[in-house]
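**Student:** What follows is each chain in one-letter form.
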Amino acid sequence: MVAIVDYGVGNLFSLKSSLLAIGADVVVTCDKDVLKSADSIILPGVGAFEDAARKLNESGLDSVIIDLAASGKLLLGICLGMQLLFEKSYEYGEHKGLGLIKGSVKPIRDVVDNELKIPHIGWNPLIFKKENPLFSKIHNGDCVYFVHSYYADNCEESVIATAEYGAELTAAVANKNVFGCQFHPEKSGNVGLLILKAFVELKENEIC
Amino acid sequence: MITKRIIPCLDVKNGRVVKGVNFEGLSDVSSPITLAKFYSDCGADELVFYDITASSDGRKLFTDILTQTAKEVFIPLTVGGGINTVADFDRVLKCGADKVSVNSGAIKNPSLIGEAAKLYGDQCVVLSADIKRVDGVFRVFAKGGRENTGMEAIEWIKRCVGNGAGEVVVNSIDTDGVKKGFDIEMLQAVCDAVNVPVIASGGAGKIGDFITLFNTLPKVDAGLAASIFHFGEVKISDLKAEMARNNIPTRL
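Chains as they are written, first to last, in the working numbering: chain L, 1 to 208; chain R, 1001 to 1252.
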């Protein structure tokens, strides 16, 4: 069973629908025991980092997620959910993340010229940087759908794919059992469904 | 590199897809859910659903269809038509829409865009503007292109983007339904004025019109059309193959 963490941020309808479409057994929950019993966990998120980090903290879900990740539970952060995996974010100030992946989140504007439109929105090909089981069913150059104004930086060790948008932006990361996608697999057509399928088919003991 | 988006637009009335030529004379095409799945499979990068229903029964039917579509189609969905309040945003976003397009609603209530952008983010708010030349000046039209608001279009678009509209759909009434190509002059004026994604709408009749659009105006992000896709005059797979042959970045 895959559990989508429901902490009051954004709309989970499409994510849930996409997981149902690939035949996954899916539950949307904020219950700690349900999260513990799940085979894998997806941390979604849209909106502002500070607000999302505060909601995770107030609900106590931040420590639950950190503990479960430390115990080897498979975890996938999507979009803002990926950004929350990092140590900190500089989105309107400086805010602490979950610290599951080394690095920080910064404005795209800092690394691209003023002509470029922000947010980075649309379909962009993935440039694979490392082999990863998340990509076992897709190919280098497959397009996925992005919507974001901030990107993960100083995370070279964990970057498994990038996308070119004025600069090479972090598109996906992995640190053992913890994965993150800056793009929206639930909105990336068949390619996105295949990424989600690869994730839910992963087994804890197969990840070294 | 980011790819240029191809967006079929589905006008939905009483649960069916219709398309007006110059906004008049509607003809039934197909089921919205079937058509949405078909387009997604053919390589459409995004879909726009316009609710052109006037009745509350029709509105309920529309949200039911939207919900069903979002359960089966996994590409971005933009919804427009009848968006007058933040509650309307909420209604369609809960049914699986990713972006919400406002047109007459923003004209009636200019604070709507700002309120919605604050709640849902700029990326969620799309300004759709119906524009027509009147005595050589681009004017904004309301009510499905029937009523001249008297507002100068470029100033209106700049103001809406300033308030938080994250994308702009430029629908040229002058070229809509004529099938002789997009309104390059109008689109150029919009691209020069704002730095958010611009979606060209109105006038596409053949594959070459999209090639001309993207080659002439590299700042245009997407091309939107309805009947030429619905009637199979332009197949999305053929269009994208031709874009690739012309070195226009596209998702194949």
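No wet-lab data here; the hints were simulated from the structure. On a predicted model such as this, the values are computed, not experimentally measured, just so you know. Note that CB positions come from ideal geometry on N, CA and C, so glycine has one too. Careful, some of the hints might be misleading.
With a Cα cut of at most 20 angstroms, we get these calculated SDA-like pairs of lysine to any residue [what the hints assert, rightly or not]:
1. R:K1094 / L:T29
2. R:K1071 / L:E157
3. R:K1037 / L:G23
From the derived model, a few chain L residues whose C-beta atoms are all more than 10 angstroms from chain R [what the hints assert, rightly or not]:
4. A70
5. S71
6. K73
7. K130
8. S136
**Student:** Indicate, hint by hint, whether the structure satisfies it.
**Tutor:** So, going through the hints one by one against the coordinates:
| no. | hint | in the structure |
| --- | --- | --- |
| 1 | R:K1094 / L:T29 | 17 angstroms, holds |
| 2 | R:K1071 / L:E157 | 36 angstroms, violated |
| 3 | R:K1037 / L:G23 | 18 angstroms, holds |
| 4 | A70 | 32 angstroms, holds |
| 5 | S71 | 31 angstroms, holds |
| 6 | K73 | 26 angstroms, holds |
| 7 | K130 | 21 angstroms, holds |
| 8 | S136 | 19 angstroms, holds |
Violated hint for the displayed structure: number 2, the only one.
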